[in-house]
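Okay, here's what each chain looks like letter by letter:
2 protein chains.
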Amino acid sequence: MAAIFEATCTAPVNIAVVKYWGKRDTSLILPTNSSLSVTLSQDQLHSKTSIRASADFTTDRLWLNGIEESIEKNKRLVACLRETRALRATLEAENATLPKLAGLKIHICSENNFPTAAGLASSASGYACLVYTLSKLFELPLNASDLSVVARQGSGSACRSLFGGFVAWEMGEKADGSDSRAVQIAPETHWPDLQAMICVVSDEKKGTSSTEGMQLTVKTSALLQHRIKDVVPKRMDDMIAAIHAKDFPKFAELTMQDSNQFHAVCLDTYPPIFYMNDISRAIIRIITEYNKDGVKAAYTFDAGPNAVIYAPKENMAEIFSILSHYFPGAAFDDSLNLVKENPEKVAAGLPQNFDARISPVFAQGAVKQILHTKADDGPRTLDSAQHGLLNAAGLPKRLA
Amino acid sequence: MAAIFEATCTAPVNIAVVKYWGKRDTSLILPTNSSLSVTLSQDQLHSKTSIRASADFTTDRLWLNGIEESIEKNKRLVACLRETRALRATLEAENATLPKLAGLKIHICSENNFPTAAGLASSASGYACLVYTLSKLFELPLNASDLSVVARQGSGSACRSLFGGFVAWEMGEKADGSDSRAVQIAPETHWPDLQAMICVVSDEKKGTSSTEGMQLTVKTSALLQHRIKDVVPKRMDDMIAAIHAKDFPKFAELTMQDSNQFHAVCLDTYPPIFYMNDISRAIIRIITEYNKDGVKAAYTFDAGPNAVIYAPKENMAEIFSILSHYFPGAAFDDSLNLVKENPEKVAAGLPQNFDARISPVFAQGAVKQILHTKADDGPRTLDSAQHGLLNAAGLPKRLA
Chain A
1 MAAIFEATCT APVNIAVVKY WGKRDTSLIL PTNSSLSVTL SQDQLHSKTS
51 IRASADFTTD RLWLNGIEES IEKNKRLVAC LRETRALRAT LEAENATLPK
101 LAGLKIHICS ENNFPTAAGL ASSASGYACL VYTLSKLFEL PLNASDLSVV
151 ARQGSGSACR SLFGGFVAWE MGEKADGSDS RAVQIAPETH WPDLQAMICV
201 VSDEKKGTSS TEGMQLTVKT SALLQHRIKD VVPKRMDDMI AAIHAKDFPK
251 FAELTMQDSN QFHAVCLDTY PPIFYMNDIS RAIIRIITEY NKDGVKAAYT
301 FDAGPNAVIY APKENMAEIF SILSHYFPGA AFDDSLNLVK ENPEKVAAGL
351 PQNFDARISP VFAQGAVKQI LHTKADDGPR TLDSAQHGLL NAAGLPKRLA
Chain B
1 MAAIFEATCT APVNIAVVKY WGKRDTSLIL PTNSSLSVTL SQDQLHSKTS
51 IRASADFTTD RLWLNGIEES IEKNKRLVAC LRETRALRAT LEAENATLPK
101 LAGLKIHICS ENNFPTAAGL ASSASGYACL VYTLSKLFEL PLNASDLSVV
151 ARQGSGSACR SLFGGFVAWE MGEKADGSDS RAVQIAPETH WPDLQAMICV
201 VSDEKKGTSS TEGMQLTVKT SALLQHRIKD VVPKRMDDMI AAIHAKDFPK
251 FAELTMQDSN QFHAVCLDTY PPIFYMNDIS RAIIRIITEY NKDGVKAAYT
301 FDAGPNAVIY APKENMAEIF SILSHYFPGA AFDDSLNLVK ENPEKVAAGL
351 PQNFDARISP VFAQGAVKQI LHTKADDGPR TLDSAQHGLL NAAGLPKRLA
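Here the protein sequences line up with chains A and B, keeping their order. Using the UniProt record's numbering, you'd call the opening residue of the first sequence number 1 and step up by one each time. Using the UniProt record's numbering, you'd call the opening residue of the second sequence number 1 and step up by one each time.
Extracted from the complex, chain A is given alone in its bound form:
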């Protein structure tokens, strides 16, 4: 039996507070503007990937959530593999004692611990996990920023999932994309109090894919260029300053304004693109009402109807209580002990001065699930013997 080389890692989801929308180079995935995100805890949401290299393998194979997928057809995945193998080959050429992994076939097995149908940012965590795990398998001497340049070519926002905490993706200027990379603005330990609540919103119809949508916006929105040139650069500076100062009201205001503007340029696209629905808009009205005497929470929406609500830990029980009023029947896993530690606050219903009329109470299941999580660390390396997804034969332990 040939020698086995294997790595198993998890990588987090990140939710942008200054949004990425539009590519200046679609094959290298170079964005038209810089962006900034918060990395959410892998305890609630993560991708997990095991990659094994073995001379016994006759072909590269990939399983995603238990289903085998073609590698060749996925140009972005091929690019990530090619780049990391080339880096490994260079190392091997420089150091003859290294195992010859660059030439071996590999088996990749990747799973998300959250429903992919929920429309959460699974491609960010997925590609970050792929590239991070490859870098561990190949023992590449790259820091997370260097690695982000590779992950970016899998899925743009994946580059930001290589760090914990608060992460900027600097758009860069070079044609080869070498300066379009993620950098950490502040680690999760800087602002441990920042939490998030994800509302998984029911949606009758899947919207436009981000890949298609953003290029249609680049092509047809008269307002996008103004956003790129005149709005985002200052907003990035302001957001970084707000994070450094842990100024939640400023952080929240910028987050909400940027979410609004992202959906505004989608609407200014021709034909227009909609990601939010009436439930999403009710959540905006609810958070706006909640903030009327001071900013206590921020909503943000990616390319789908789901809301992510950022807030300091101390406001979360009140927010959950309000959400539960308008969206009865949402599933909730009390993984951060919100209900356990704040039973009265959670059961309180609407706050005293809250105008209940700002939204109707929705039917059961309008919000399917509420996930409570927090800002947290970047990719984690696990022990493949204990946590690996592949069995002795190099096939998924769990097959769908």
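Derived pair list, reagent style BS3-like, types lysine-lysine, alpha-carbon separation capped at 25 Å:
{"hint": "1", "chain 1": "A", "residue 1": "K340", "chain 2": "A", "residue 2": "K296"}
{"hint": "2", "chain 1": "B", "residue 1": "K229", "chain 2": "A", "residue 2": "K219"}
{"hint": "3", "chain 1": "B", "residue 1": "K136", "chain 2": "B", "residue 2": "K397"}
{"hint": "4", "chain 1": "A", "residue 1": "K292", "chain 2": "A", "residue 2": "K345"}
{"hint": "5", "chain 1": "B", "residue 1": "K368", "chain 2": "B", "residue 2": "K296"}
{"hint": "6", "chain 1": "B", "residue 1": "K296", "chain 2": "B", "residue 2": "K345"}
{"hint": "7", "chain 1": "B", "residue 1": "K292", "chain 2": "B", "residue 2": "K313"}
{"hint": "8", "chain 1": "B", "residue 1": "K219", "chain 2": "A", "residue 2": "K234"}
{"hint": "9", "chain 1": "B", "residue 1": "K296", "chain 2": "A", "residue 2": "K219"}
{"hint": "10", "chain 1": "A", "residue 1": "K368", "chain 2": "A", "residue 2": "K296"}
{"hint": "11", "chain 1": "B", "residue 1": "K296", "chain 2": "B", "residue 2": "K313"}
{"hint": "12", "chain 1": "B", "residue 1": "K105", "chain 2": "B", "residue 2": "K136"}
{"hint": "13", "chain 1": "B", "residue 1": "K219", "chain 2": "A", "residue 2": "K292"}
{"hint": "14", "chain 1": "A", "residue 1": "K234", "chain 2": "A", "residue 2": "K250"}
{"hint": "15", "chain 1": "A", "residue 1": "K296", "chain 2": "A", "residue 2": "K234"}
{"hint": "16", "chain 1": "B", "residue 1": "K229", "chain 2": "A", "residue 2": "K234"}
{"hint": "17", "chain 1": "B", "residue 1": "K219", "chain 2": "A", "residue 2": "K250"}
{"hint": "18", "chain 1": "A", "residue 1": "K219", "chain 2": "B", "residue 2": "K250"}
{"hint": "19", "chain 1": "A", "residue 1": "K219", "chain 2": "B", "residue 2": "K292"}
{"hint": "20", "chain 1": "B", "residue 1": "K219", "chain 2": "A", "residue 2": "K296"}
{"hint": "21", "chain 1": "B", "residue 1": "K136", "chain 2": "B", "residue 2": "K100"}
{"hint": "22", "chain 1": "B", "residue 1": "K234", "chain 2": "A", "residue 2": "K219"}
{"hint": "23", "chain 1": "B", "residue 1": "K313", "chain 2": "B", "residue 2": "K345"}
{"hint": "24", "chain 1": "B", "residue 1": "K368", "chain 2": "B", "residue 2": "K345"}
{"hint": "25", "chain 1": "B", "residue 1": "K229", "chain 2": "A", "residue 2": "K229"}
{"hint": "26", "chain 1": "B", "residue 1": "K234", "chain 2": "A", "residue 2": "K229"}
{"hint": "27", "chain 1": "A", "residue 1": "K136", "chain 2": "A", "residue 2": "K100"}
{"hint": "28", "chain 1": "B", "residue 1": "K219", "chain 2": "A", "residue 2": "K229"}
{"hint": "29", "chain 1": "B", "residue 1": "K246", "chain 2": "B", "residue 2": "K313"}
Rather than coming from a laboratory, the hints here were simulated on the basis of the structure.
Model the placement of chain B on the given structure of chain A, informed by the hints.
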């Protein structure tokens, strides 16, 4: 009994294809950008106003849709009265033979022939009708453009309802607003083929008022200034050229892009303003699908969820058939004989190559009413003896 002077007129609704949103002067109602509208037929939608001046009256009185309202509290109405009375006083000073009307008290009775709760543009037709009727009562030697300067101070878009056909409101530059006036781009006879279908959309919650909303956008939207400076001037030129050329696809594209952009700057407002709901967006998807092989219809949405669909007459039966598929149970008054003249087309359901999956079929009443109308003429003067709203005593004939 004192001499009676009375005028009775009707004025039409207009629906903008280049939208007005934002004031540079809130008391004179001077806009931040020029706009352009199509005047819709009074046969379907109109305001009707009777105004009588009499020495028997002891005070100015106003009835709107059968309910007496305070004149004093309505600064905009006071402004329209003051301006037209001043013009009458000047005439009387110049010509001693004229009846002395400027000093008499008046009774105003105004009604809309369409439901005000429907969120249609009743303030435009209402103020246009008020000012037009005052001009007839006072026999003011003003053309419609001069009169539009007065009507504008009642409700901005009212200035455009003083003309039939295709009407631009030129924003003007002067501080006193004297050059902020409506001009006719083309009469309704230029493009008699242009029709409209209004979908009265069910809405659970009334949105922000336009008056409040637009000033919040002026204050907080980073994108509005770009729209004002860089988008609208060219769009006005392009729209005027499309109307002159009767180029429907171009007219439609500009109309849809401008509606999208108006709602985009509403969304870029902080906190964001929503006027469209899931039903409105379904109508956009339906029209977009209908246009996939060539532009045959244009949607536009004002500050509410109702859609106005412009299209050449020949496409209207097909459009009605599609709308009836997705929005069962909408009330329809066949006032333009659409169903009578096209029974087969109207009953045909979706066209052959139409992808039915672009929207779910909505529940009964999601669209409450469909109104079929067309581009038509400006205010009409009626015979008060036959059509007046006031009885012999100068009180409304019909009281709610």
